[in-house]
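Here is what each chain is made of, one letter per residue.
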Amino acid sequence: MNPTITTSSEANGNVSAATARAAATAAAVADRTGPQTITLAKALNTAMADAMHADPSILVFGEDVGMLGGVFRITDGLTKTFGRSRCFDTPLAESGIVGMAVGMAMNGMRPVIEMQFDAFAYPAFEQIVSHVAKMHNRTKGAVKLPMVIRVPYAGGIGGVEHHCDSSEAYYAHTAGLKVFTPATVADGYRMLREAIDSDDPVMFMEPKKLYWSKDQVDLDALRAEHTENTQRGTSSEGRAAVARPGTDATLIAYGPSVPTALAAAAAAAEEGRSLEVIDVRSIVPFDDETVCASVRKTGRAVVIAEAHGFASVSSEIVARVQERCFHHLAAPIRRVTGFDVPYPAPKLEHYYLPGVDRILDAVDDLQWED
Amino acid sequence: MTISADHTAQHPASEDQTTGAPAPGSAPEDAASEAVRKFGISVEDYMLPARHQIQMVGPDGTLNPHAEQGTQPGHEYTLPGDEELMAAYEQLVVGRRVNDQNSALVRQGRMAVYPSSHGQEACQVAAALCLSEGDWMFPTYRDSVAVMARGVDPVQTMTLFRGDWHGGYDAAKHKVGIQCTPLTTQLLHGVGVAHAAKLRGEDTVVLAMCGDGATSEGDFHEALNFAAVFHLPVVFFVQNNQYAISVPLAHQSVAPSLAHKAVGYGMAGERVDGNDIVALLAVLGRAVRLAREGSGPLLVEAHTYRMQAHTNADDATRYRQDSEVAEWVAKDPLSRMKTYLTDRGLLDDDRAAGIAEKAEAVATQLRDGLSEEVPVEPQDLFKYVFSTPTPQLKEQSAMLADELARDAASKAASKTEAAK
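Those sequence lines, one after another, are chains A and B. For the first sequence, position 230 (counting from the first letter as 1) is numbered 230 according to our numbering, and the numbering increases by one without interruption. For the second sequence, position 31 (counting from the first letter as 1) is numbered 31 according to our numbering, and the numbering increases by one without interruption.
It is worth saying that the hints were derived from the structure and are not from the lab. It is possible that some hints are incorrect.
As the list claims (entries may be wrong) - Only pairs whose alpha carbons sit at most 25 Å apart, straight line, appear in this in silico BS3-like list of lysine-lysine:
hint, chain 1, residue 1, chain 2, residue 2
1, B, LYS383, B, LYS394
2, B, LYS173, A, LYS140
3, A, LYS140, B, LYS394
4, B, LYS383, A, LYS140
Quantities reported herein were computed from a predicted structural model and do not represent experimental measurements.
Using the sequences and the hints given, assemble the complete structure.
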């Protein structure tokens with residue numbers, strides 16, 4: 001009848017909160033595991049559970065996230081563990097979910113909300129663009145919105161229309177939103193924890209075709225890393241990663257395209273070409289330093305993204321890299337992206353998606369003869 | 001129209017944490033059944049507004065006989081106390097003065113724009129006075145008088161309209177949402193604030209405001225529905241001033257009244273004369289009390305009139321007749337209250353002069369504050385986008401700083417040149 005949550009009500013700018021959260025994590029999370037093979041879905045789920053253990057002001061809500069555990073089961077078990085006050089279903093209304101989260105964040109909570117699918121988030125666009133992104137600026141920092149909007153995005157799962165959009169550019173184009181997208185299991189845990197810790201709102205773009213990808217990770221080590229980063233004020237937030245080192249050309253990819261880029265690099269290696277793969281990880285803020293260091297080294301680059309190429313994150317990356325690395329470039333930067341068409345029906349999507357062959361064709365095109 | 005009795009009797013909120021069974025929060029053992037018990041009326045009678053709007057003091061300033069106040073069983077209201085009425089009257093006078101002063105400042109070019117609430121001051125004042133200290137208000141862009149009546153500094157309130165920044169007061173400190181131009185988005189923020197407070201067991205009430213036109217927006221629907229489903233202490237206050245810029249209410253809704261929309265969400269609605277501050281204080285006061293007691297959200301619709309154009313950029317003569325405006329002049333919220341309080345012996349010339357002086361002091365504060373040229377800081381552009389600026393913002397900030405430095409240097413150089 002009267003759900004009570006005791007919280008330190010830390011939202012608007014309590015600096016010690018992060019430290020307190022980290023300490024609580026170490027204490028509250030009991031299951032010691034060691035290295036094990038888990039999915040990206042499990043990594044994300046664990047990140048939320050650990051964060052919720054650490055901080056009672058963290059709430060999870062959205063459509064079907066309660067008993068069902070989300071249509072992708074990313075919130076599986078959270079209601080059972082934390083109760084219906086902390087992980088609950090809302091009415092089916094995305095603007096309502098985001099707008100309510102704004103108010104909760106204004107009043108001491110740290111909501112982590114789920115948009116069921118990329119295209120289902122569009123009803124919330126006004127709340128996201130006009131309020132989530134602007135509240136901090138509008139109030140000169142007096143009101144912070146520590147909230148995470150999780151968006152399963154992109155295709156490759158044979159989904160019907162409105163279930164496979166790559167919507168990251170809409171958010172990246174909006175000043176005031178951080179935009180993260182993990183590509184590995186470990187980053188699923190690491191980056192979601194960082195997103196939840198952020199005092200600024202984060203659009204957390206989850207490549208849905210990678211939900212069931214597996215990797216061996218040590219959750220305890222990731223927890224320890226998170227605690228250490230929190231205590232030291234260091235983290236991987238805003239940093240790109242070298243997913244595979246190489247010397248001849250750089251493949252720049254993010255989210256669902258990272259495994260494709262890695263596969264292309266592996267194929268290229270067989271042909272004697274050494275490709276470096278950069279996993280962008282954080283679209284906003286963008287890590288110019290890591291990306292440009294790689295391109296300066298290799299002198300050639302291909303940007304890979306599932307989204308339409310026109311006016312996209314990939315076009316932004318090309319523009320930034322050529323502005324900064326022009327004199328190191330041996331060839332124009334190429335892009336391998338989705339075509340500028342609405343996301344195709346399941347039987348056509350393989351024509352649309354950037355694949356290994358298309359990437360290798362683009363690499364072949366990088367004026368090697370010069 | 002009937003509402004099945006089952007609706008109210010719906011499974012008393014299962015708190016089964018393991019299954020996470022229905023009902024978020026403590027909902028369905030709901031407002032309605034509680035009210036039915038409390039007031040001894042049916043669910044329909046609780047949720048539907050009273051047959052007539054609540055009006056206590058008529059346009060001529062006389063108290064309506066009780067039978068003619070629009071009340072009915074379960075919708076009963078008590079006359080606010082004398083002190084409350086006098087405090088409200090003082091704020092009414094201040095509010096009118098603020099509206100007049102701000103409109104003048106726009107004409108003088110000292111402010112970019114001002115959406116005046118001239119004629120709606122009773123709603124503005126009652127919205128502020130019905131709340132307790134820990135409560136929150138979520139105003140619209142036309143509710144500057146309500147924001148000031150809630151205690152926010154007048155000059156800070158006007159920052160948005162002066163053009164210095166998009167907001168001038170600390171929303172968290174004052175528990176007043178920042179005035180914004182998107183419609184009804186703030187209602188959902190109010191719902192979230194109430195939800196957070198409820199989860200912590202605090203007794204905060206949120207007053208979430210919008211206009212008649214805004215009830216067509218999707219977020220109006222989502223906010224009312226969320227508040228009802230989560231059983232939250234939110235009072236939705238609709239100032240029906242008859243026009244959304246130029247479009248009259250008939251083009252927004254053909255519901256019997258906007259207050260009737262409440263029943264569709266499972267909450268109670270009420271209509272009130274929006275130019276009668278006595279009735280407004282009674283109706284909003286009861287709504288806030290019920291919300292605080294756990295009766296869930298309520299919807300109050302106030303019938304009022306936007307006496308002036310939408311803003312200074314609007315021309316109201318293009319879409320409405322002078323005769324219509326004249327009818328509402330006779331219903332003015334200030335003059336009827338003045339008559340009523342004078343007749344009651346509460347207001348005399350001395351009190352009136354004292355109140356006028358206070359209003360003039362606020363007007364002076366606005367005039368002085370808005371006449372002062374406050375320099376804007378270009379680097380503020382980058383400072384507040386995020387808690388910590390991104391590397392990209394740092395680059396852009398440095399670029400602007402460099403531009404400004406070069407500008408200053410070349411100005412200095414041409415000055416020296418001219419001096420030679």
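Q) Taking only the CA atoms, is the gap from B:LYS383 to A:LYS140 under or equal to 25 Å? A) holds (8 Å)
Q: Please work out if B:LYS173 and A:LYS140 have their alpha carbons no farther apart than 25 Å.
A: holds (13 Å)
Q.
Given the hinted pair A:LYS140 and B:LYS394, is their Cα-Cα distance within 25 Å?
A. With Cα atoms ~17 Å apart, A:LYS140 and B:LYS394 stay inside 25 Å; holds.
Q | Given pair status - B:LYS394, B:LYS383, alpha carbons within 25 Å | A | holds (9 Å)
Of the numbered hints given earlier, the model fails none.
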